[in-house]
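Chemist: Chain B: place on chain A using the hints.
2 protein chains.
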Amino acid sequence: MKYLLMILFLPALLQAKVVTEMVAYEQDGVKLEGQLAYDDAVKAPRPGVVVFSEWMGISPFSKGKARELAELGYVTFAADFYGVGNNPKDVKSAMEISSKFKQNRPLMRQRALAALGVLQRSPRVDQSQLAAIGFCFGGTVSLELARGSAPLKGVVSFHGGLEAPLKAPGQINAKILVLHGGDDPYVPDEMVRQFQEEMRTAKADWQLVAYGNTVHSFTVPDAGSDPTKGVAYNEVSAKRAWAQMKTFLKSVIE
Amino acid sequence: MKYLLMILFLPALLQAKVVTEMVAYEQDGVKLEGQLAYDDAVKAPRPGVVVFSEWMGISPFSKGKARELAELGYVTFAADFYGVGNNPKDVKSAMEISSKFKQNRPLMRQRALAALGVLQRSPRVDQSQLAAIGFCFGGTVSLELARGSAPLKGVVSFHGGLEAPLKAPGQINAKILVLHGGDDPYVPDEMVRQFQEEMRTAKADWQLVAYGNTVHSFTVPDAGSDPTKGVAYNEVSAKRAWAQMKTFLKSVIE
Chain A
3 MKYLLMILFL
13 PALLQAKVVT
23 EMVAYEQDGV
33 KLEGQLAYDD
43 AVKAPRPGVV
53 VFSEWMGISP
63 FSKGKARELA
73 ELGYVTFAAD
83 FYGVGNNPKD
93 VKSAMEISSK
103 FKQNRPLMRQ
113 RALAALGVLQ
123 RSPRVDQSQL
133 AAIGFCFGGT
143 VSLELARGSA
153 PLKGVVSFHG
163 GLEAPLKAPG
173 QINAKILVLH
183 GGDDPYVPDE
193 MVRQFQEEMR
203 TAKADWQLVA
213 YGNTVHSFTV
223 PDAGSDPTKG
233 VAYNEVSAKR
243 AWAQMKTFLK
253 SVIE
Chain B
3 MKYLLMILFL
13 PALLQAKVVT
23 EMVAYEQDGV
33 KLEGQLAYDD
43 AVKAPRPGVV
53 VFSEWMGISP
63 FSKGKARELA
73 ELGYVTFAAD
83 FYGVGNNPKD
93 VKSAMEISSK
103 FKQNRPLMRQ
113 RALAALGVLQ
123 RSPRVDQSQL
133 AAIGFCFGGT
143 VSLELARGSA
153 PLKGVVSFHG
163 GLEAPLKAPG
173 QINAKILVLH
183 GGDDPYVPDE
193 MVRQFQEEMR
203 TAKADWQLVA
213 YGNTVHSFTV
223 PDAGSDPTKG
233 VAYNEVSAKR
243 AWAQMKTFLK
253 SVIE
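Chains as they are written, first to last, in this note's numbering: chain A, 3 to 256; chain B, 3 to 256.
Careful, some of the hints might be misleading.
Pairs count within a copy or across copies, as identical chains cannot be separated in the list.
Once the Cα atoms are required to be at most 30 Å apart in a straight line, the calculated DSS-like pairs of lysine-lysine come out as [what the hints assert, rightly or not]:
1) LYS205 x LYS248
2) LYS205 x LYS231
3) LYS45 x LYS205
4) LYS252 x LYS241
5) LYS241 x LYS155
Derived from the structure by calculation, the hints contain no laboratory data.
One chain only, chain A, in its complex shape (with noise of 0.2 Å):
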């Protein structure tokens, strides 16, 4: 009966017990809200990792990873950038709300510290095991917290941007793992041939990986399924890609 009991009820003792709450923070005046989520069986301080969005703003996507990042034993705040109220409602509100980030670097580690804040204020986070992830637009966000010298021990972009128009950067202390759809038309190869220079030139601990038969998005389901399009889920590769950041992890903090 113990063990009939033990079986039943396996499941529920494997799965870690996730729970998310939204939490506001504010940048230099902007009311914001993301997502904590964590383990709340785990008392301990544990790895925090906050995970920036694609240009879109916050989403189930984001939420979603940030969450399954839980589920691996970290706590994860899902940034908001724009701010309450502001997701845009187009591609075309998307280009220009991020451009306005894209082309001030500042304000774009701005307001990334001020999503960071929140897992540095969080007790339950232990302040010497932080990372960094992000897709697309998240992805340029995520590294350039790591060129601001964020107190950072990993960063991962996911299909990032990896333009750095902000020319001598800080010390890179983070290290960084840069996964790249190898056909991606909006990380063309001289922004990896320029971005692998800055990293050199920076003496930062990076690793590259490129995808084959990979374009933009491509760890984002809602991104459909025509490549030519330069935009396109490549199921194969988002596995990959999560199977990379999970090592990568595992080997910055813990």
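Modeler: Structure of chain B alone, referenced to chain A:
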């Protein structure tokens, strides 16, 4: 007492009992001799991996790597490329003899296929589960096997040259993993770009990992420790690359 004995013998039980034997083979009359390695406790056919050495020829390094792979459960064969007694005595000779193969890709393929043939004739090997790996020159060789449509599930190049002088490659069935030093002067950015273009055209399943602060021969402890020479061992990148290879092989042969 029973438990004490178990504890005493546990290390022996956990360690794979890898045995090695030298196997003679031929290609077009050239007498070759490589090292077969396997866990002789395993009776069922196992996936097979052929290991191609750097340009100095079959060596304690390449035999050691093949043995490490055998400890993971594969049947491995450390290939001989130049023939018994023909290993070059110095770098100058190595350049000459390896160039002969680099400039004659059909010969390179034939020599490589002869090594694969040893695994193909072994009853210990599951013939549907073959892969090839190689280091430096051997990385080039393993890629050339894939280009020649060898019956491989996967190919891994460690800091191999990526050039493809034989145009119009056949269909590439093997999945490709290139582990590349991001600062390797012998595999410059332009060669990487051309390789990616080749893979795109061939619609191969390819992945390329570039490691920062890493030059040629980065997995080879004998390569020294001065990256300014363009050739140097890098322990961090060597470990990352070996782990990457393990994950890859698990996903393509098992």
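Chemist: So, for every hint listed, does it hold in this structure?
Modeler: Verification of the supplied hints:
no.: 1; hint: LYS205 x LYS248; result: both (24 Å within a copy, 27 Å between copies)
no.: 2; hint: LYS205 x LYS231; result: between (35 Å within a copy, 17 Å between copies)
no.: 3; hint: LYS45 x LYS205; result: neither (37 Å within a copy, 49 Å between copies)
no.: 4; hint: LYS252 x LYS241; result: both (17 Å within a copy, 14 Å between copies)
no.: 5; hint: LYS241 x LYS155; result: both (23 Å within a copy, 19 Å between copies)
Against the hints set out earlier in the document, a violation occurs for number 3 only.
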